[in-house]
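Enquirer: Sequence:
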Amino acid sequence: MKGTIDPAIILPMYTAGICWTLVVDTIYAHQDKEDDLKIGVKSTAIRFGDSTKPWISGFGAACIANLALSGYNADLAASAHLAWQISTVDLSDPLDCNRRFVPNKWFGALIFGGILCGRLVS
13 MKGTIDPAII
23 LPMYTAGICW
33 TLVVDTIYAH
43 QDKEDDLKIG
53 VKSTAIRFGD
63 STKPWISGFG
73 AACIANLALS
83 GYNADLAASA
93 HLAWQISTVD
103 LSDPLDCNRR
113 FVPNKWFGAL
123 IFGGILCGRL
133 VS
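Residue numbers for the sequence shown follow the numbering used here, so the first one is 13 and each next one is one higher.
Hints were generated in silico from the structure; no laboratory data involved. Careful, some of the hints might be misleading.
Said to hold, decoys possible - In silico DSS-like cross-links for lysine-lysine, where the CA-CA straight-line distance does not exceed 30 Å:
no. : residue 1 : residue 2
1   : LYS54     : LYS65
2   : LYS45     : LYS65
3   : LYS50     : LYS65
Stated by the list, open to error - Here are the simulated distance ranges between beta carbons:
no. : residue 1 : residue 2 : range
4   : ASP37     : PRO106    : 45 to 53 Å
5   : VAL114    : TYR40     : 40 to 48 Å
6   : ILE123    : SER69     : 18 to 26 Å
7   : GLN97     : ALA20     : 22 to 30 Å
8   : ASP48     : MET25     : 25 to 33 Å
9   : TYR40     : PRO66     : 13 to 21 Å
10  : ASP18     : PHE124    : 27 to 35 Å
11  : ALA86     : ASP62     : 35 to 43 Å
12  : ALA121    : TYR40     : 28 to 36 Å
13  : SER63     : PRO106    : 48 to 56 Å
14  : ILE98     : GLY126    : 18 to 26 Å
The beta-carbon is built from N, C-alpha and C at its ideal position, and this holds for glycine as well.
Turn these sequences into a full structure, and let the hints guide you.
Expert: Okay, here's the thing in structure tokens:
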């Protein structure tokens, strides 16, 4: 943190928040879409209709992409770890392949930790 607000970090994070809100709010809106139709509420559940899953899938993908972009712009290496490995590995050098392979235990541990925490709080 530099003590300033960097638009390259904040704007993708804000956009990710909007996309996340559209996903969860649309799911929520499907609970009472019949009532919305009766009283004339123009919810995203009504707007997207039978195409809701593709819409919220797109918003979900945009959310993840913007979070990754924000992390990249903030120099958070974890968000680009796999991309870094793929772009820098010398596949003809066994030692370099091993140097890229070994740190993946931490990548795997982070994924496992996220899954475990998600299961514990649900």
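Enquirer: Between the beta carbons of VAL114 and TYR40, is the distance compatible with 40 to 48 Å?
Expert: holds (44 Å)
Enquirer: Starting from LYS54, check that the Cα of LYS65 is at most 30 Å away, please.
Expert: Holds: LYS54 and LYS65 sit about 18 Å apart, inside 30 Å.
Enquirer: For LYS50 and LYS65, compute the direct alpha-carbon distance and say whether it is at most 30 Å.
Expert: Roughly 23 Å between the alpha carbons, so the hint for LYS50 and LYS65 holds.
Enquirer: Hint says 13 to 21 Å; check whether the CB-CB distance for TYR40 and PRO66 agrees.
Expert: holds (18 Å)
Enquirer: I want to verify a distance hint. Is the separation of the beta carbons of ILE98 and GLY126 within 18 to 26 Å?
Expert: 21 Å Cβ-Cβ, so the 18 to 26 Å window holds.
Enquirer: Do ASP37 and PRO106 keep their Cβ atoms within the hinted range of 45 to 53 Å?
Expert: The hinted range 45 to 53 Å holds for ASP37 and PRO106, with Cβ atoms some 51 Å apart.
Enquirer: For ALA121 and TYR40, compare the CB-CB distance with the range 28 to 36 Å and indicate the outcome.
Expert: holds (33 Å)
Enquirer: Could you say whether the range 18 to 26 Å given as a hint is met by the Cβ separation of ILE123 and SER69?
Expert: holds (21 Å)
Enquirer: Could one say that the CB atoms of ALA86 and ASP62 fall in the range 35 to 43 Å?
Expert: Check passed, 39 Å falls within 35 to 43 Å.
Enquirer: Between the beta carbons of SER63 and PRO106, is the distance compatible with 48 to 56 Å?
Expert: Holds, at about 50 Å.
Enquirer: Confirm or reject the claim that ASP48 and MET25 have a C-beta distance inside 25 to 33 Å.
Expert: Holds, since ASP48 and MET25 (Cβ atoms, about 30 Å apart) stay within the stated range.
Enquirer: Please test the hint of 27 to 35 Å on the beta carbon pair from ASP18 and PHE124.
Expert: holds (31 Å)
No hint from the list above goes unmet by this structure.
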